[in-house]
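As you go down the protein sequences, you meet chains A and B in turn.
Counting from 1, position 96 in the first sequence corresponds to residue 96 in full-length UniProt numbering; the numbering is continuous, with no gaps.
Counting from 1, position 44 in the second sequence corresponds to residue 44 in full-length UniProt numbering; the numbering is continuous, with no gaps.
No wet-lab data here; the hints were simulated from the structure.
Mixed in with the good hints there might be a few duds.
Put simply, identical chains are the same to the list, so a pair is met inside one copy or across any two.
To be verified - In silico DMTMM-like pairs for lysine to aspartate or glutamate, Cα to Cα no more than 20 Å straight-line:
{"hint": "1", "residue 1": "41", "residue 2": "88"}
{"hint": "2", "residue 1": "58", "residue 2": "88"}
{"hint": "3", "residue 1": "104", "residue 2": "88"}
{"hint": "4", "residue 1": "146", "residue 2": "133"}
{"hint": "5", "residue 1": "58", "residue 2": "10"}
{"hint": "6", "residue 1": "126", "residue 2": "95"}
{"hint": "7", "residue 1": "58", "residue 2": "78"}
{"hint": "8", "residue 1": "41", "residue 2": "95"}
{"hint": "9", "residue 1": "126", "residue 2": "108"}
{"hint": "10", "residue 1": "49", "residue 2": "15"}
{"hint": "11", "residue 1": "49", "residue 2": "32"}
{"hint": "12", "residue 1": "40", "residue 2": "88"}
{"hint": "13", "residue 1": "107", "residue 2": "133"}
{"hint": "14", "residue 1": "40", "residue 2": "95"}
{"hint": "15", "residue 1": "146", "residue 2": "77"}
{"hint": "16", "residue 1": "104", "residue 2": "78"}
{"hint": "17", "residue 1": "146", "residue 2": "32"}
None of the values given here were measured: they were computed from a predicted structure.
Number of protein chains: 2
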Amino acid sequence: MESMEVNGTEMTSAEWELMRIVWTKGQASSTDIIHLIQLKKDWSESTVKTLLHRLVSKNYLSTTKEGRRFIYTPLIDEGPAVQQITSDLFNQICDMEKGPLLLKLIKETTLSQADITSMQAALTVKAPNAPTEIHCHCLPDDTCNKCC
Amino acid sequence: MESMEVNGTEMTSAEWELMRIVWTKGQASSTDIIHLIQLKKDWSESTVKTLLHRLVSKNYLSTTKEGRRFIYTPLIDEGPAVQQITSDLFNQICDMEKGPLLLKLIKETTLSQADITSMQAALTVKAPNAPTEIHCHCLPDDTCNKCC
DNA sequence: CACGTTCGTTTACATTTGTAAACACAAAAG
DNA sequence: CTTTTGTGTTTACAAATGTAAACGAACGTG
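Based on the sequences and whatever the hints tell you, model everything.
Written out as C-alpha cells, the structure is:
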C-alpha cells in the first residue's frame, strides 16, 4: 500500500521523504533538498529531481524562480497531510485492533508534557460514554467470526 | 507509499483488504473471500484470485487442499501486522507531529473502557519523565528550521 | 562574448501493482 | 465414463513508482 493519499491525489513514500525536508525547511532549492536527502537516502541527483518534478505536477510543491534556481515551497501543510495519511491507514485497520494499537503508540512515542495532558483530558472526556466492547466492522455483521 | 511493509516483504493495499477478510474469518475458501470482498470492492473474481495467489507467494497466506477447493489461512497474525505497518508509518512522520496526531486519533477512535483505562495508565507512567519540548529529528540538528 | 556550470525538463526503463482474461485440472453430475 | 463446472495457475497488459541518464536553457566567469 505504498502510496499515501493526501488531498485526493496520492504521494509515494519517496515523494513524502522530500516533502518532509521542504516542510522542515519551510522552503528550499533543489540543491538544498538533494544534499539533505542524500544524508539519509542513497538517491542520485537525477532521482531527486524527478521526484521534485512529480511533486510539482501533483501540486504538492510550487516553485518560484529566484535567479538561476527555483525555490520549492509546500502547497499543503504538514499537519493536515500527516493526519490524512494516518486516517487513511486507520481506515484500513480492524476497529478491534485500534485500541491496543494506540496504546502501543502512546507507549513508544516520545510525548511532551503538554501532549500527555491533552490526551489525558481527551480520555477523561471519552471514558463516561465508552462502550465495554468494540465490534470490528471488518465484515457485514452476520459474516463476522471475530467479534460477533 | 502504497505498500505496507510487514515481515520484511511488503503487502499492497489491495492485498491487505483480502488479509483482513481472512484474519476476520480465521480461514476461508477463495469463493468465500471473493464474495466477501465484493461486498466492499468492485473487483472481478479473477482479480481476487490473482491477489490471493500473490499473498500465497509472499508467504502471507497458506493453502490447504480440501476436496476441490483450497482453504486460505493467514501465516501472520493481524495484531503484529497492524503494529508493523503503523510503526512504519510513524517512522515517516516528524516527531513533532506525533503528539497532536495521537491526540486526534484518540478523539476519533471508538475505544473501549478497558482501552481507555490502559491508556490512562500508560500516560500516568510517562508523565513524570516527559520532556517539555519535542525535537523533530527530520533533519540533522543544525539544518533544522522547525524545532531548533 | 564564448564557455562551462547549474539547474529544470525530457526521455528511459525495470519493477510493482491493479485488473483481468485464458487455461488447465480435478471433482461433481449425469 | 464423459461432460460440466468450480478452482487454482499462467499469461497479459496498462499505470504507477523507483531510479537515472540525456538534453537544453540560463547564468556566472574569463
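- [ ] If any of the earlier hints don't hold here, list their numbers in rising order.
- [x] Nothing - there is no hint that the structure violates, so all of them hold.
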